[in-house]
Amino acid sequence: MSDTPPIVLEFDSVTKWYGSVAALLDVSFQVCTEVVGLVGKNGVGKSTLMKLAVGLLNPSQGAVRVCGSDATTREARARIGFCPDFDRLYEPLSGVKFVAWMLRYHGVAARAATMRAEEVLTELGLAEDMYRPIREYSKGMRQRVRLGQALAHRPQFVLLDEPMTGLDPVARAELADLIRGLPQRGVGVLVSSHVLHELEAVVDRVVLVHQGRLLADGKVEALRDQLPERPHRLRLKGARLRELASQLTNWPEVDGVSFLSDGLEVSLSGHGAFYQRFSDLAGDWQGGIHELIPLDDDLAAVFGYLVE
Amino acid sequence: MTTTTNSAAGNSGLARAVPGLSVLATMLESARQTLVMLRYRRILWVAPIGLLLLFALAFVLAGTARSRSDGAHLYSVFAWWGLATVVMPWATLFLGVQAVHGELEDRTSQYLFLRPVHRVPLLLGKWLAIAAVSSALACCSAAALYVAVASREDLWPDGREPWLLVSFCIVLGLGATAYSAVAVFLAATFRRPLAWAAFFVVGLQMLAANLPVSAGLRQLTITDPLRRMTLDLIEPSRRLARALWPAERNEALSIENGTGAFLLEFGSPLCSLLILVVVCLTLGCWQYARTEYESRSRD
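Protein chains in written order, with my numbering: chain A, 1 to 308; chain B, 309 to 607.
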């Protein structure tokens, strides 16, 4: 038996044309049983990519496969869960009825569908309100219903479009836990979000789309390391800043040091070597080093650098 | 949100995919869901009030018209000119457009398109539901009208004629079914289906009504076959035939004694209606079943 995780979504040299406009150009990537973030500005082909992934569009060239089947087939749709970003549901129905109705199309008997809908909405924290009409729901409750219909049929590939929208901080943290837990159940997840720090907290790797092309695919740290022309920047706070600055400027991996109102900003050419050396220095530093914050190692910074 | 249990999205690794519904089951489920959703449409809550108003209006008019018309004449004129040409078409088209186009406009149709079922039975199920509700509404209206006119005993010197009610129920039911198909086609195809519906009812049908009786364009309408069926069923007097088909006196008189409107042969009114329904549903389903079909790409 192979230990290779199963591929739940595969884009194979996918190009999508709208008339003479190319929305996506030769995009290839895979999603296994993991959480992958989809990042891109508005209008760069992200929506087209998501529609292709759930079989709502045909690729002009290439192939999109979900669990080995063409994404537009019934076999693929049985394995897809999609939580859209638009806030429309069947307003007069209760949350449980809406989810049960959607389950019916998966061949689930009426009673079993209702029970499963109750189960999944309870897990999503809607136990008390699931029998109320959806039109009375808050934004966060509606989001849970959308998530519920995406997860109720036990899909193998889940596409979440802005899933955190409308949720309060506690619910966001709980949803992040839920998303992080999905791969352990054999589910591959593609999450799209504009809130990059939240996305970074849940994803194993990211796929960056820009102007219809796949700009980058990998772990955030690895992507950051692939930008040698962009020196890493750090903010340091501690005692005896002038002495610290003069020492650091002598290190070969330090490109420059500048003074801030309450600390130092350090530019690095080789951050791996710097951290090794700095840990020794910080341990012995009289008065102590109080803070060391990487300023541009996060997803937002990497994304910004890549699209510039 | 409780995330301690492990079944929100499955607990068995790459779990067996749940199979989708069969074509027939999908159609019935779609019809059932559409019926439930139609229950919440405002137009259906207005319907009882409309029926009461219709009853009252017919009752009052029947009282003032007794010197000029008998009950059968009065009821037929009300049912044809009021229900069959105005209320039933517009109510059906409105309901149909709301049921299909409403979901496309607010994109809730995407929830359905992502299920492992064919889209054709989804749309056919909606058509079935719309046709059933519209037919029921039309028959209730015909019954309310009949009760109002029949309550004036002096208008029926030879006794009341319940067959009239049955005839109009048949005609209105067939008409509602055909208009539902038109509504489904327009809603699935165009971005502004009600404008196209107005063109169909007011433009195309009125144009066809002014063409010679032999004109082929008449076969593309619903009013023309329905009128022939009505005249065939109710066996009207000369006066009533002229009242129901004023522009075509000679034709009206010639079909007084029945023309086989319900024969299932090419060119008969029933066949024309059937062809119209099949063509509308085929075109509507063809649009709806396209992979790249969604509200923003239409029209």
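Fair warning: there could be bad hints in the mix.
[Said to hold, decoys possible] Which chain A residues stay away from chain B? Per the calculated CB distances, all over 12 Å, these:
| id | residue |
| --- | --- |
| 1 | Asn42 |
| 2 | Leu103 |
| 3 | Asp204 |
[As the list claims (entries may be wrong)] Which bits of chain A does chain B cover? Going by a derived footprint, with three or more residues having C-beta under 8 Å, they are:
| id | segment |
| --- | --- |
| 4 | 46-58 |
| 5 | 81-87 |
| 6 | 241-249 |
| 7 | 279-293 |
[As the list claims (entries may be wrong)] To spell it out: a stretch of chain B is covered by chain A in this simulated footprint if at least three of its residues, at any positions, have a beta carbon under 8 Å from a beta carbon of chain A; those stretches are:
| id | segment |
| --- | --- |
| 8 | 415-424 |
| 9 | 585-594 |
Quick caveat, the hints were computed from the structure, so don't treat them as lab data. The structure displayed is predicted, hence computed values, not measured ones. Ideal Cβ placement from N, Cα and C applies to all residues, glycine included.
These are the hints, each one checked on the structure:
no., hint, in the structure
1, Asn42, "16 Å, holds"
2, Leu103, "8 Å, violated"
3, Asp204, "16 Å, holds"
4, 46-58, "holds (count 5)"
5, 81-87, "holds (count 4)"
6, 241-249, "violated (count 0)"
7, 279-293, "violated (count 0)"
8, 415-424, "holds (count 9)"
9, 585-594, "violated (count 0)"
In this structure, the hints that do not hold are numbers 2, 6, 7, 9, in rising order.
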